[in-house]
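Trainee: Residues -21 to -1, 1 to 508 in mature numbering (1 follows the signal peptide of the UniProt record, and there is no 0) are what the sequence shown lists, from first letter to last.
Quick caveat, the hints were computed from the structure, so don't treat them as lab data. No false leads were slipped in.
In the DMTMM-like style, the derived pairs of lysine to aspartate or glutamate whose C-alpha atoms are separated by at most 25 Å in a straight line are:
{"#": "1", "residue 1": "Lys433", "residue 2": "Glu506"}
{"#": "2", "residue 1": "Lys276", "residue 2": "Glu186"}
{"#": "3", "residue 1": "Lys487", "residue 2": "Glu247"}
Distance windows between CB atoms, simulated:
{"#": "4", "residue 1": "Asp473", "residue 2": "Ile429", "range": "35 to 43 Å"}
{"#": "5", "residue 1": "Asp176", "residue 2": "Asp120", "range": "51 to 59 Å"}
{"#": "6", "residue 1": "Glu232", "residue 2": "Pro168", "range": "37 to 45 Å"}
{"#": "7", "residue 1": "Ala136", "residue 2": "Glu480", "range": "43 to 51 Å"}
Note that CB positions come from ideal geometry on N, CA and C, so glycine has one too.
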Amino acid sequence: MNIKKSLSMLVILLISAIVFVACSGDGNNNESSSNSEPDDNFNATDYPIVDESITLEMMGKSSPIQPEWGDMGFFQEMEKLTNIKFEFRTASADDFTQNKQLAFASLDLPDLFYGAELTAGEEADYGSQGLLIPLEDLIEDYAPNFKKLMDENPDLAASITTPDGHIYALPGIDESVTSKTPIMWMNGPWLDELGVDKPETMEDFYEILKAFKEEDPGNVGDVIPLTANAPADLRIGLLPNFGIVQDDGIYEEDGEVKFAWVQDEYKEYLKYMNRLYEEELLDNEMFSHTWEQFVAKGPKTGILSTWPIVMVGFEDPMDALNYPVLPPMTSATNDEKLTTLMSEIRRGRAAITNENEHPEATMRWIDHAYSEEGTMLSRLGIEGETYEFNEDDQWVLLAEDGLSTTETNAKHAPGVGTNVPMNLTEEFFAQEGGNPAILEIYEWVSEELIPYGKLPYPQVYFTDEEQKEINIVKPDIDSYFQQMEAKFITGAEDIDAMWDEYVSTLEKQGIGDLVEAHQSAYDRWAEAQ
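Turn these sequences into a full structure, and let the hints steer you where they fit.
Mentor: See below:
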């Protein structure tokens, strides 16, 4: 067990307990802030949202391909439109997760979490403590765009309402084909040079990786047959081939909730990945490289876990068609093709805290993202700089000299690289022009991946007791699992020799309690269907 991590979590839990007592003492912590009257500076309709400028503090998860958020055209245009300025507290990846947890634990909260990636547990837990304010009245009064979405889709309200009846965070809606399932990509020119077809089994996959390594079909030297930004990318992309489609280790099978990391199928996955690692078919730097180092490996890589345009870059968008999608495969433990299916409703993207003195104005600011104009600003950036319309009134991404369209797009659109509130409809993507390659990729995914998609576990919320149990056991479970996965794959620990001890340790750390909480939540969800 990581003692430092455990002590840190203990401090967070203790502080959270103190906060809970403090916030729940008057019994009014769940009343919506919209019960208070906004001041005369606020405009309930039209723009600007406030007559005299106000400044709020925003915390969000940034992407390495983005500039400082204050330099983004999105925030500058939103300030012109709304008269609302922001001071930013951003960080990327794991740093953001730690900063977010610390902000709640220390009560050093921003006014707004944006691109927040709040978990269902965080929404329910911090909402019930009064640290996040209920949003349903604010939505009713000041969010016409989002309210329209809720009226059109009854599942939306059900998906974001916590067990206490409140909505504490706003989601994103993403109907794009390529966001419905994880995608891994193959280096098509290398396949052509070798004269091989796409793999159908994991043994075929191994042989292709081996041929990449030994024959260097791209003549690049130091070939990296397979890489990923992080182990989680490999898990979600390849573990279904062994028979498990999971979400953070949890999955449901015929009504029974199971824990993936102790199953025989996962053990076989580890053995397979260890085989690849030992033969240097799997990037041996995967557990330590930075995002920048990972992206730089693109031209030398055979199988990618990130869109090729990010890692390789194309002068001609049609070059994207040189990277076909990796199909689902069968293995010794699984004779059924499977991929992970994801919900179109992406929860936890924005939330207003109890530190915010302008919740009505903030709600109007967020709600703009659910309009057509707001979604385009969030996802495409600035017309004339990051995108333009062609003669058929379709949007076309632009590329600056030396940058890909994605890198150019990310300079002004936070929705490139960060999960922010947006309403990405099928109609939005149908408006995309100038890049017939993306339309063909949509067809690939629709035909080759989505038919085999399986939802690992439904979107649920937990009761207070269930969430407390999860909060107690999950940090140590996650820490131990991640440490042991790295050791198993790299060969630092023998999988067969250590497996029983590994499973026993996880059981002692509380995977039974974790599964029980998820089972109870699943049963409530199933009964309500």
